[in-house]
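> Residue strings, one per chain:
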Amino acid sequence: MKILSRFWWILPIIFIAIYPFTLGGNSPYKSGVLIFVGIYIILAVSLDLLIGYCGQISIGHAAFFAVGAYTSGILTAKYGVHPMFAMLIGMLISTALAWATGRPVLALKEYYLAMATLAFNEIVITLIIGLEGFTGGASGLGDIPPFKIFGFSLVNHIHYYYFVWIIVFFIIAGSLAVVKSSFGRTLIAIHSDEPAARHFGIDSPRYKTRLFMLSSAFASIAGSLYAHYMGFIAPDDFGVISSVNIMVMLYLGGIGTIYGPILGATFMKILPEITYQFQDYELLINGIILIIVLVFMPKGIYGIILKAINRVLRKV
Amino acid sequence: MILSVNNLNAGYGRVHVLKDISIEVNEGEIVCLVGANGAGKSTLLKAISGIIPIMQGRVTFRNLDITNSRPNHIVKEGISHVPEGRQIFGSLTVRQNLLLGTYIRKMKKEEISRLFNFIYSLFPILEKRLYQKAGTMSGGEQQMLAIARGLMSQPKLLLLDEPSLGLAPLVVETILNVIQHLKSTGISILLVEQNVNAALEIADRAYIIETGRIITTGNSKELRENDEIKRCYLGM
Amino acid sequence: MKGSNDYILWVDNVIKTFEGIHALEHVSFGVKKGHIKALIGPNGAGKTTMLNAISGLLPPDSGSVYLNNQQIAGLTPDRIALLGLSRTFQLVRLFTINNATVLDNVLLGAHKHLNPSIFEAMFYRGRMKRKENEAKERALNLLKFVGLEGAEDALPGTLSFGNQRLLELARSLMTEPKLLLLDEPASGLNDAEVESFIKLLLAIRDKGITILIVEHNMKVVMKIADDIIVLDFGKKLAEGTPEEISKNQQVVEAYLGTQKNSCKVEK
Amino acid sequence: MNDVSHIIQFLFSGITTGSIYALIAVSLVIVYKASQLICFAQGEFFVFGALSMITLTSKGLPMPIAFFAAVFISVCIGSLIQQVLIKPIQGSSVGNLIVMTIAISLALRGLALIIWGRESYILNPYTKGEPLFVFGASLQIQVLWIVGITILVLLIIWYFFEKTSLGIAMRACAENPLGASLMGISVQKSALFAWAWGAGIGALAGAVVAPLLFIQYTSGVMPMIKGFIAMSIGGLGSIAGSVMAGFLLGLVESYTIGLISSKFSDTIVFALLMLVLIFRPNGLFSKS
Amino acid sequence: YAQAQKVYKIGGIFSLTGYLSWLGEYKKKAAELKVELINKAGGINGIPLQLISYDDTSSPEQASKVAQRLISKDNVVAMAGTASVPISGAVASMANRYKIPTIINSGYAVDTAKDPFLFNTSHKTDFAVVTAFRYFQKKGITKLALLMPIGPLGELGSNVARKYAQEYKITIVGEEKFDVKAPDVTSQLAKIRTMNPQAVFSFTTGEPAALIARNMEQLNLKVPFLVSHGNANPGFLKLVANINTEILVPSGKVMKPDALSDNDPTKKKILEFNKSHMEKYKEPANYFSAELADAIDLIVEGLKITKSADPVKLRDAIEGIKNYPAMQGVYTFTAKDHHGTKPDDMILLTIKQGKWEIPK
Ligand SMILES: Nc1ncnc2c1ncn2[C@@H]1O[C@H](COP(=O)(O)OP(=O)(O)OP(=O)(O)O)[C@@H](O)[C@H]1O
Ligand SMILES: Nc1ncnc2c1ncn2[C@@H]1O[C@H](COP(=O)(O)OP(=O)(O)OP(=O)(O)O)[C@@H](O)[C@H]1O
Ligand SMILES: [Mg+2]
Ligand SMILES: [Mg+2]
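Chains as they are written, first to last, in our numbering: chain A, 15 to 330; chain B, 61 to 296; chain C, 75 to 341; chain D, 26 to 313; chain E, 6 to 365.
The shape of chain A in the complex, shown without the other chains (with noise of 0.2 Å):
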């Protein structure tokens, strides 16, 4: 018992490790569900540490995913770059234009927070739509070649799926070891009480900005990930409606704990595969869904994994 409270989280890590040869049964379908499993948990998770940690409310996340993925778009299917330079310029790019906007943005609270981030999501798409040139415009950007690692293309969706997820298993520890270090403990102060928190010392939109940028940088990986898997984007998937789905897999899985977030992400995007069957009625089911997961687990699904976790171990 004591050994699997400590190392539990090996278990998620040889399921998936096994999942293609097993349940996924080398389908390119069922690995594939779970690569995009994968790119939205690394959405979710930095988001995470932006709203759950930090309390800044973002309806503008989906900005930064935008922005890895047509950097990766337009730097590797346009510009012949490689797909790990590209992704990093990507990363470079976002975490530029976080720390660009960061402070005047971040000084912001609450709803006009959200309101702001919001605003940087329309613009971001507005202007992927506008420079069609350049991004495709609206009709998309295609072509984009499978990623490349030391020279051996990742053709293959199973060495695809592991690339992703062992990416995923990096940011999930990263985000961990950042809110469980004295950092952590600092965003907590800031979303708790941010002018009580100046008054020890803590400079806030210093903290708040550096937290931005890491966030950012986190989209635009999964950003670059999700275009060399579709080999096609188009601004359709990183509008504010998708900002506001992956606040939804927060609220969803439980906000401000990380796990939460990976398990409302993978809910969420299981969901669909599973729903699809009922037509017409799928988004009516999907809503009820929603609800009655809202209803009954108020502080999400982890929460209640973690009540049915803490019930069992009080009976051993």
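Check the hints yourself; a few may be wrong.
[As the list claims (entries may be wrong)] Residues from chain E shown here face chain A by an in silico Cβ test under 10 Å; the list is partial:
1) 64
2) 73
3) 74
4) 79
5) 156
6) 261
7) 264
No lab work stands behind these hints: they were computed from the structure. The C-beta atom is built at its ideal place from N, Cα and C for all residues, glycine as well.
Add chains B, C, D and E with the ligands to chain A, keeping to what the hints say.
Positioned in the frame of chain A, the structure of chains B, C, D and E with the ligands alone reads:
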């Protein structure tokens, strides 16, 4: 007897704070609750006014069982609770805050303006701040507002949780006088006050509460002579 | 005056106005090193506003504030905190999100020593842990010092009001301040608890920390203050030793009243 | 055709769009004022209002009756939602509640799809007649209806939240439910009322706007976002502010399209929005 | 693939929810009907056809997931559908990766070098524009203003219009953009009015097209208004029911079979399908129905030729189809051309008293 609490148990979630509390307040009486930090005084007031659920026991107010009634119903019966932490409405003006005090009573215009004048006579500063947003007032001003708002509903029983908190000595005196004045108009008062000396001076009776239990009770004069109480609560 | 090394804090001609309310009008005073100075006055006199002006929460409209001869008016609270100033709030303001514990709150006071960065958090976890452990030890000692021993894993929201106050104090001490601003720290303590609180404040002063305290409890003020400044309607009404102030007719009329309750000079 | 008529046409166009944004913003503000919560289902109430009005009139009901019936239907839906879905999670974080409204909006959209299908519908204007022509610029009569009704609604709401004790009580409840219940205010009733109001005004917006727009089950998304924007520019919780901001947003859009660039008009509008937020962090019309 | 398949599975990708859902429904209905008809007629050499269709929620991401599901979970032999350029792009990327012949029907221009497995039964935007421009030339209309939606269709329409303007002696007097979700476009139209155009062209479908027509009427801008061929459906008729602007809609012949001469090779197929469509859905087939009917038809034709489900062979078989009369025209594919139709396969329609008419 206007209020009686029998064997009351209450707390927060799994935290059991109050254990078998029984107290009484008679018509037109000032009763004081004395206890250390964290003893459960505020919790008791909250349980009476319905803010926290009661696990066990009964609360009766004027022969009406109000155990676990909703706070808004309890207010309607005539109990007004001036809570710890003030709970004023920061984004509303002082005037709007005060008017909300009369929310449950259908009052005539004249009566309301009479009440307002009464409030101004107690706390002149509130008249000056009438159209200021309550949230921007100083701590003491907010405390005055909270008390004034509690008075606006013209209760039969007033629960006061540390009314003198954050008030200047001069104003503390006023408050104590007001409490005595209210008593003379027939209002019963259950008072939690850290200024124990002063509180016992105006109270008829007192209960001493320690870690969620009533340990002693008696009239205030007796209690003020009690050595143990002198040492623990009066700092003498 | 401001050049004098005796004063850790010097407030010069400070003005603060809110939408027509003159909260502070041309207030000047100083706090001597190692002293306990009390700031008193009727409700709404501008005491909290003064603390806010000094700590940078709401900078003054005009005037200067010197901390150790350094102008701090207009600096952000974090800069001022780094210069050795710490404070508590009139209504306690603790960090409660994400189940932050009492210990977390106190550890936050060590922020300026830990000075965490993302890079360190991700790649130098060992070094960070070590610093953190040292801080933890200090935090536990401080909790013991203020009398909250054993409460370190509790959630701050479950503490009673008075204990929350003590926690705030511990958190402020954690920053190792040179000057401590306290806003009504004794409110909500009963007469007996006030006694031990007074001892605590004196112990803090004996650690070499200067204190500027706003308090309505005259027992505390008269017992511990080296000198007192009185504000009324945003203006300085009087300044002097406790004896002088308690005899000052203006102060008695505006603030103290008949003093039958608590105010006795016991020095 | 000359420059003046241009400028006036932009004005009219701005007023037309602005009136739509303003009404939605008002419905959002009401819910916000009464529960400190942005209700993402507001766009769906808009759609339900418009589509039920269209269906009812097509069934031969006279306009005014259809109008009130449409609003009433949404009021019922709103109240039901509050009772069944919001009440159980009352007291959880604002974020959770917002996500709940998102889920509700999904479900309502799904419901609308089942009821009305994928088609778009449009309603005949309330009153027949040629558009007004001023210096060669045209304005639809329906816009006058919208503006008139907006002003009326605005006055009623302003009066309700500033002058009636019930309105003030609802605001108090939103800010501090504990304090409010100690004043004898029923927190439950207040929340119920807020949803009923919000749903009603949302539906009303849909019903008056229906003659201008083609409406289908997904039509609620854009107005919701634009209403949200107007609300933030106007300063959350300020009714007059959001109405002004709604019209302002419409006007800025139409003049940027007309005078600067239609290709980048959205970029410009959103950039302006960000600037407004950054430099007037409490809304354009706030005092400080 | 050697084993005898009991059924040929075809994947359908339709936008059934989201902003494109009004059109996805037409496509899905037609595909289902066509499959039904083919099976009734005995399938392909006795092997029945099965349509497995999914909703792409009008999102490229979902479309690409759905495509993957069809390819690797359902093992379809071919796919059909998709409603917009980006969705087609996303599906194309999957179709090429897994080498599954896919017949899209949207404005996506198939470049056979990049998309060897893609075919398109939607008429090329070029044809629609040429059809309209021919009419303009006949009418002496030389000044055209563009009012293009922000989005893929707008980009496409604008590019193509500019490409052919010179050839048909048309000057583009100006171009404005609008947001398809905007409730009012009078600002743009007011600007256009100052350019004194003889016609306005907006390459857009559905609500925005109807909105522009209404706003044009309001502004007294009485010039012909050309829209995209995506409007050739009964839904659009309802939308513009009370609008008096003269609207021009390029279309396939499916919308006006009675106007076709009897020796038109497409007439027979159109009439047949129209009849069944009328029986099953109580409304005639429209442009979108024709696109899908043809898509299924072409796949079936390919299967008949190869007699196997091998996707590569199937692709080659479809590419080999020549002079094949169907509803959208007579298809002749080549290695370079995966659209297969010609400008002459289109006609221009206008609306008179709520009915489709051929403008004089
Ligand atoms: N929300 C809460 N959740 C859990 N425990 C609580 C909560 N509020 C108070 N407590 C606990 O209940 C006990 C009684 O608290 P209460 O506030 O009633 O004390 P009090 O006598 O009013 O003290 P004070 O004089 O400090 O106000 C304390 O031990 C406190 O820790
Ligand atoms: N943000 C603000 N906006 C408007 N007025 C304010 C604001 N903050 C404080 N005031 C006013 O300034 C005056 C001084 O307030 P301050 O909080 O400094 O008083 P105080 O001396 O601390 O009183 P107390 O002893 O009651 O805490 C008060 O009258 C208050 O109403
Ligand atoms: Mg208490
Ligand atoms: Mg104060």
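> Each of the hints needs a verdict: does it hold here or not?
Each hint tested on the structure:
1. Taking 10 Å as the C-beta cut-off, the interface hint given for residue 64 of chain E holds, the closest approach to chain A being about 6 Å.
2. Taking 10 Å as the C-beta contact cut-off toward chain A, the hint placing residue 73 of chain E at the interface holds, the least distance being around 5 Å.
3. At a threshold of 10 Å, the smallest CB-CB gap from residue 74 of chain E to chain A is about 5 Å, leaving the interface hint in force.
4. Of the supplied interface hints, the one on residue 79 of chain E holds, with its beta-carbon coming within about 9 Å of a beta-carbon of chain A, less than 10 Å.
5. Hint status for residue 156 of chain E: holds, given a least beta-carbon distance of 4 Å to chain A, under 10 Å.
6. This hint is violated: residue 261 of chain E has a C-beta 30 Å from the nearest C-beta of chain A, more than the 10 Å allowed.
7. A hinted interface residue such as residue 264 of chain E counts as satisfied when its beta carbon comes closer than 10 Å to some beta carbon of chain A; here the least separation is about 34 Å, so the hint is violated.
Violation of the numbered hints given earlier is confined to hints 6 and 7; the remaining hints are satisfied by the structure.
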